[in-house]
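Per the working numbering, residue 3 is the first one in the sequence shown, and the count goes up by one each step.
Rather than coming from a laboratory, the hints here were simulated on the basis of the structure. Quick caveat: nothing in here was measured; it's all calculated off a predicted structure. Glycine included, C-beta positions come from ideal geometry on N, C-alpha and C. Take these hints with a grain of salt, some might be off.
[Said to hold, decoys possible] Computed list of lysine-lysine pairs in DSS-like fashion (alpha-carbon distance at most 30 Å, straight line): (1) Lys-58 with Lys-70; (2) Lys-70 with Lys-46; (3) Lys-15 with Lys-58.
[Unchecked claim] Beta-carbon label-pair distances, calculated as ranges: (4) Ser-4 with Gly-41: 28 to 38 Å; (5) Ile-69 with Gly-41: 24 to 34 Å; (6) Ser-4 with Ile-69: 26 to 36 Å; (7) Ala-60 with Gln-80: 31 to 41 Å; (8) Glu-57 with Ala-79: 29 to 39 Å.
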Amino acid sequence: MSTDELQTLLAGKLETCQVTVENDGHTYHITVIGDEFEGLNAVKRQQFVYGALNEKIADGSVHAVSIKTYTPAQWAAQ
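Required output: the full structure, derived from the provided sequences and hints.
Here's what the structure looks like:
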């Protein structure tokens, strides 16, 4: 699966979030920014994003991911 295809998939499933996907040749690096993460711990945030990826992980299209999640305020503070 190409980086652009994964970006499109995630943007479609996480419609209210800003999604960025990069690939270093081995791992997809996914950054998701959204109000949905407000008040969620790190595990719940990861589960939210993995929910959108499960089908592609299960069929082998996606195998190695690194996920970073932020609220808009956290992203702005970086």
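Results for each hint:
Between Lys-58 and Lys-70, the direct Cα distance comes to roughly 18 Å. Compliance with the 30 Å bound is thereby established for this hinted pair. This hinted pair checks out: Lys-70 and Lys-46 have alpha carbons roughly 12 Å apart, not beyond 30 Å. Straight-line distance between C-alpha atoms of Lys-15 and Lys-58 comes to about 13 Å, which keeps the hinted pair within the 30 Å bound. At about 34 Å, the CB distance of Ser-4 to Gly-41 agrees with the hint of 28 to 38 Å.
For Ile-69 and Gly-41, the hinted distance range of 24 to 34 Å is not satisfied, since their beta carbons lie about 18 Å from each other. Range check, Ser-4 to Ile-69: Cβ separation about 18 Å, and the 26 to 36 Å hint is violated. Restraint check, Ala-60 to Gln-80: a C-beta distance of roughly 33 Å satisfies the suggested window 31 to 41 Å. At about 33 Å, the beta-carbon gap between Glu-57 and Ala-79 stays in the expected band of 29 to 39 Å.
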